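Enquirer: Chain by chain, the residues run as shown.
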Amino acid sequence: MILNLLVWRQPAPDAPGRLVPYTVHDAAPDMSFLELLDVLNEDLVKRGEDPIAFDYDCREGICGSCAMMIDGVPHGPLPGTTACQLFLRHFPDGATVTVEPWRAKPFPVVKDLVVDRSAFDRIMAAGGFVSADTGSAPEANMIPVPKDAAEAAMDAAACIGCGACVAACKNASAALFVGAKVTHLVLMPQGHPERERRVLAMVEQAEREGFGACSNEGECQAVCPKEISVAHIARMNREYLRALLKRL
Amino acid sequence: MTLDGHVPGGPIESKWERHKFALKLVNPANRRRHTVIVVGTGLAGASAAATLGELGYNVLAFTILDSPRRSHSIAAQGGINAAKNYKNDGDSVFRLFYDTIKGGDFRSREANVYRLAEVSVDIIDQCVAQGVPFAREYGGLLANRSFGGAQVSRTFYARGQTGQQLLLGAYGALMRQVQRGQVRMLPRREMLDLVVIDGKARGIVVRNLATGALERHAADAVLLATGGYGNVYYLSTNAGNSNVTAAWRCARRGAYFANPCFVQIHPTCIPITGDHQAKLTLMSESLRNDGRVWVPRTPRDPRPAREIPEADRDYFLERRYPSFGNLVPRDVASRATKAVCDEGRGVGATGLAVYLDLADAIQRLGEATIRERYGNLFDMYRQITAEDPYRTPMRIYPAVHYTMGGLWVDYDLMSNLPGLFVLGEANFSDHGANRLGASALMQGLADGYFIAPYTLAGYVAGTPLGPVSTDHDAFREAEAQVQARIDRVLALSGGRTVTQLHRELGRVMWDDVGMTRNEAGLRRALERVRALRDAYWQDVRVPGRKDNLNKQLELALRIADYLEFAELITRDALYRTESCGCHFREESQTPEGEAQRDDERFGHVAAWEFTGVDREPILHREPLAFEAVHPSQRSYK
Amino acid sequence: MRHNGRVGENGFWRRLWSTAVGRKALMALTGLLMIGFLVTHLAGNLLVFEGPATFNGYSHSLLSPPMLYLTYLIEVALLVFFLVHLIAALLVTARNRDARPVRYARRRWAGGTSHKSISSTTMILSGLVVLVFVPLHLWTFKFGPHYVTTTEPHVRDLYRLVIEEFHEPGEVVWYVLAMLVIGFHLWHGFGSAFESLGVPYRLPLRRVGQALAVVLAGGFALIPIAIALFVGGPR
Ligand SMILES: Cc1cc2nc3c(=O)[nH]c(=O)nc-3n(C[C@H](O)[C@H](O)[C@H](O)COP(=O)(O)OP(=O)(O)OC[C@H]3O[C@@H](n4cnc5c(N)ncnc54)[C@H](O)[C@@H]3O)c2cc1C
Ligand code: HEM
Ligand code: HEM
Ligand code: SF4
Ligand code: F3S
Ligand code: FES
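Line order of the protein sequences matches chains A, B and C. Using the working numbering, you'd call the opening residue of the first sequence number 1 and step up by one each time. Using the working numbering, you'd call the opening residue of the second sequence number 249 and step up by one each time. Using the working numbering, you'd call the opening residue of the third sequence number 886 and step up by one each time.
Be careful, since some hints might not be right.
Stated by the list, open to error - Below, simulated EDC-like cross-link-like pairs (lysine to aspartate or glutamate); rule was C-alpha separation at most 20 angstroms, straight line: (1) B:Lys794 <-> A:Glu42; (2) A:Lys46 <-> B:Asp523; (3) A:Lys147 <-> B:Asp787; (4) A:Lys170 <-> A:Glu209; (5) A:Lys46 <-> B:Asp608; (6) A:Lys46 <-> B:Asp787; (7) B:Lys794 <-> A:Asp14; (8) B:Lys794 <-> A:Asp50; (9) B:Lys335 <-> A:Glu139; (10) B:Lys268 <-> A:Asp43; (11) B:Lys794 <-> A:Glu209.
Stated by the list, open to error - Here are the simulated distance ranges between beta carbons: (12) A:Asp93 <-> C:Thr1007: 32 to 40 angstroms; (13) C:Tyr989 <-> B:Asp523: 32 to 40 angstroms; (14) A:Lys246 <-> B:Phe874: 55 to 63 angstroms.
Claimed, not checked - Coverage of chain C stretches by chain A, computed from C-beta distances (three or more under 8 angstroms per stretch; other residues unrestricted): (15) 926-934; (16) 945-959; (17) 1024-1037; (18) 1069-1082.
It is worth saying that the hints were derived from the structure and are not from the lab. Only a predicted model underlies this, so the values are computations on that prediction, with no experimental measurement involved. Every residue gets a Cβ at the ideal spot worked out from N, C-alpha and C, and that includes glycine.
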């Protein structure tokens, strides 16, 4: 099959970029979207051109490396799917597809489709953990965790940190990402002692990084490859307000 | 030459305890004067960096990826073993130890494996304390599942995302130390050389992958946790950035590489669809619990699977291994699969696949139960292949999955180069010639949380380590060499891409150094690898610049290392004329066609010393003494 | 960028005002309270259909002691809510814009579980219409001509004012449009406010909000329309 691409090319962080058209003639329905870019890149290399830079690692939808707007939607049109698990059979032959990097102030472009998502790491460093030094842990079965709570925590913990939520949100809000971590740890008893400290720190770090506010539009949950629910955003709001009130 | 693993004396049960006491300690106030480099932030690296940070060391942590929240470890699905015996089914530290030794076909070091089993219980405690959402029973206690190679239920899991959850736990702990200023995190950095000063590992040279800048970092010790080298086969279940470069660069600086030919090939992966394919996806082993593996009796049977009657099907695992059936260990299943495909009875467009059929189970248990058990796997399968596994049997084929070989380390996880510690999949230590399911996560975390922090202290406290500066000649030289290599690679302007060469290398390795090996094939592989290496330096083209993000340059450097390293794997496979675990030499099989070990001649670790690219490496042997268990022939008939 | 989560231990208001979550909570709270006013305001206004006596009497009662004090209180509160909501809205919106300096060349609605709507993306525009509407509205009515009823008791004849107003076709159109825009604001706003305050989005809540938006917009719009069509011209 043939696919026409319009790919954002930007050689360096502060260099100007533009959409460049390409045509891949030997695309196949069994290819993933990243493999399509691989094929195109092989071609570019042979022609002596700079290949398109994009992040990837696992290529099975779990590491959260791959990140690109495909045809106007983060990770492409298929719900619950990362770019690396998006197969070309979902595109009509001859289609023209625009490919752009995530756009958000806290995610500056490094090159082409590669952006710097270290803001997420700094949010996590601010509080996305349980302070449990190695060796200090009690016996694992000491604190029972209701199955439902563990399952619900797992739903939230499934976040792969890809940043699609930010990319989709009209405000470039990190609310879903932060909400998912806050929920995961608040549902586990081990997360309780730091409950307030954590949410305050994470929310405030997200603020410092320059992410926008949540307008409760839910685009994020629609594009999230792990289908994380916006209910976690509400919980984050609740936890934050609760923490503030407790400190009043 | 004989290598000493520095295994402490005394009964196996108390070796670690006594060794911990014997190890020197570093005064808490002094720890911050010691800088430790941790390369790689997968399970092994992240857990080590976090723990060392907690202890008060100055830690520099590096990863190729953009964030320590990612690494190959994140893809592990099945689970993590621990000898908790929560199921009251007869598990114990000794049994986990025994299963692991036996699973490794008696090619691992007893004392290490025992220690691994011993600390396995602490790992679960630690991860639970971090808030890892392990699966639970209704009573709120931890759930377990069983996994290949064991008759007890000792695998802890978090849905199909155990590796992810464990890694996020370690990542959280790591980021906490970053926040406290104990760890300096340097993502998007690739280690390209090790710096050895006065015979000790004292630093590394890395390339900042975003800016292309070369950086020098000095320390009192270097912990390498850079994962496995399965990608030397081009197609594998490994992540795209898994590589051998860090380990190989250490090997070139004098660290011995042990048992490189021990490569695990996983039987249940989604088959290859075409040349464009960049990786292979694993379908969890657990499917074999309910699935039956078969091929048509006649080669190239044109009928769709569902229309082939029972009489025309060959359930070859059940036929060959009546007692274990579809549940034989990974290596056995993989070889049997290859055998039927070699007979021309493989299915699918390429003929390189067999059916994994859950129809019986669906009939017996109902579709709902199967959906509950394997729904996510089925979804993944459908997403990739566009076939519905509820209606037609899945097609599977073996793929390279895990590398038991790695840099040689002693009991302290220190390589023969003082100050270079190697953790996780990057070392060779615990899995012998075959790894059991759910044991890699255990080993990575054992090394990082509970072993390296002690042994590192022993080294730091017991070794005179003067200050070194990154202006030292050794740093200058190393950086200059890296620079020269980069320039050389970028000057290549042939007509092929490095990926093309990588693909070809993979084919050579898969054909001749894959599931079964023989002398002729291995010799052929040696020739072909050398030819590819020559082709690399003549025909490839590496575009772009060195001073910005240049993925082709990264790949080019890694592939150049694979082309050197592939030769070592092949030599090791050629040297080891026995069959053991995943290493199957056709010359050494039982009359029934099973692997035939030769403990007499090969009951040792083969550790290779690099002497030059086109030179014979020097072999060092570490004899494997078995005191607690007695090597027996594995049988799954 | 170190942060220990304890910054400004007592800075409740500062923190509430300086984070997106805090500002949005304030907007939600003020928005909901203003909706509360609108509900009573609509109920009160519908008394216009009961005739001048009832309507004027109602309005008079609100403006004479003891209700007067409550009215003052509510007026001050509304003014505060309005300003807080307004300033927060401006700050939040400016920051949201700032968070995406480079726009996408191509952007599509994600569909599926998204509840992005025209209403949700135009909150600032609909809000600004309210901002224009309210002062004009107060100018027209609250600070408008002070007619006095010709019959006993001699109170302010707001009824007349309303009827006169809504016999101006331009005013009717403007009011109806304004009401639609306000309904539009609340279509997304009501449900959203609950989420901002930490009540998880459950579908009924959104539906209730949308129903309320229709009722409020419809109810308010009904007044000018009905008066223009069915109530006799200015006396
Ligand atoms: C699909 C799949 C499923 C699996 N399932 C299971 C399972 O269920 N149970 C189980 O026990 N095991 C499983 N395994 C095996 C297990 O996941 C790995 O063996 C283990 O995670 C390895 O961890 P690690 O920390 O040693 O290395 P990795 O996770 O590979 O980490 C390597 C790190 O080193 C960094 N790095 C590498 N090279 C360099 C360099 N040159 N410079 C700087 N940084 C570098 C990388 O960026 C990365 O951070 C599975 C493996 C696969 C592929
Ligand atoms: C001064 C004029 C007004 C302006 C400029 C304004 C602006 C806004 C904006 C921009 C938002 C969306 C904020 C976001 O992005 O999430 C919003 C939300 C809202 N507004 Fe207004 N508004 C105004 C008046 C009103 C009035 C009079 C009411 C009520 C009657 C109201 C009720 C709401 C509600 C309930 C929300 C939802 C809050 C949330 O999402 O948490 N607004 N407003
Ligand atoms: C057709 C619809 C409406 C009619 C007929 C109407 C009528 C009136 C009248 C007659 C008054 C004067 C009350 C007095 O001074 O005693 C008034 C006041 C007011 N109206 Fe409306 N109104 C309408 C819609 C709205 C809307 C949609 C809003 C808000 C967005 C609003 C906000 C107010 C406010 C804030 C006051 C001042 C209240 C006070 O000072 O106590 N009105 N309205
Ligand atoms: S919440 Fe979903 S979209 Fe956002 S980072 Fe996590 S996985 Fe990606
Ligand atoms: S799309 Fe944005 S507005 Fe909120 S619900 Fe999601 S973060
Ligand atoms: S490459 Fe890992 S999620 Fe896509």
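Enquirer: All the hints need checking, so say for each whether the structure fits it.
Expert: Do the hints match the structure? See the list:
1. With a C-alpha separation of about 19 angstroms, the suggested pairing of B:Lys794 with A:Glu42 holds against the 20 angstroms cut-off.
2. Under the criterion of a C-alpha separation no larger than 20 angstroms, the hint pairing A:Lys46 with B:Asp523 is consistent with the structure, at around 17 angstroms.
3. Annotation: proposed proximity of A:Lys147 to B:Asp787 is violated, straight-line Cα distance about 58 angstroms (limit 20 angstroms).
4. Note on A:Lys170 and A:Glu209: the hinted pairing holds, with a Cα-Cα distance of about 16 angstroms set against a maximum of 20 angstroms.
5. At roughly 50 angstroms between alpha-carbon atoms, A:Lys46 and B:Asp608 are farther apart than 20 angstroms, so this suggested pair is violated.
6. Straight-line distance between C-alpha atoms of A:Lys46 and B:Asp787 comes to about 11 angstroms, which keeps the hinted pair within the 20 angstroms bound.
7. Proximity of B:Lys794 to A:Asp14 is assessed by CA-CA distance (about 18 angstroms); at most 20 angstroms being required, the pair is judged to hold.
8. A threshold of 20 angstroms between alpha carbons decides the hint, and for B:Lys794 with A:Asp50 the separation of about 12 angstroms falls inside it, so the pair holds.
9. Among the hinted pairs, B:Lys335 with A:Glu139 is consistent with the structure: their alpha-carbon atoms are about 15 angstroms apart, no more than 20 angstroms.
10. As the CA atoms of B:Lys268 and A:Asp43 are separated by approximately 56 angstroms, the hinted pair breaks the 20 angstroms bound.
11. Distance restraint check for B:Lys794 and A:Glu209: the Cα-Cα separation of roughly 30 angstroms exceeds the 20 angstroms cut-off, and the hinted pair is therefore not satisfied.
12. Under the hint 32 to 40 angstroms, the C-beta atoms of A:Asp93 and C:Thr1007, about 37 angstroms apart, fit the expected range.
13. C:Tyr989 and B:Asp523 have their C-beta atoms about 33 angstroms apart, which keeps the hinted 32 to 40 angstroms range intact.
14. The supplied range of 55 to 63 angstroms is met by A:Lys246 and B:Phe874, whose beta-carbon atoms lie about 60 angstroms from each other.
15. Coverage of a stretch by a chain is defined here by at least three residues with a beta carbon nearer than 8 angstroms to that chain's beta carbons; for the stretch 926-934 of chain C and chain A the count is 0, and the condition is violated.
16. For the stretch 945-959 of chain C, the stated coverage by chain A is violated: 0 residues have a C-beta nearer than 8 angstroms to a C-beta of that chain, whereas at least 3 were required.
17. A stretch counts as covered by a chain when three or more of its residues have a beta carbon under 8 angstroms from one of that chain; for the stretch 1024-1037 of chain C and chain A the count is 0, and the coverage is violated.
18. By the rule of at least three residues with a Cβ nearer than 8 angstroms to a Cβ of chain A, the coverage given for the stretch 1069-1082 of chain C holds, with 7 such residues.
Checked against the numbered hints above, the structure breaks hints 3, 5, 10, 11, 15, 16, 17 and satisfies the rest.
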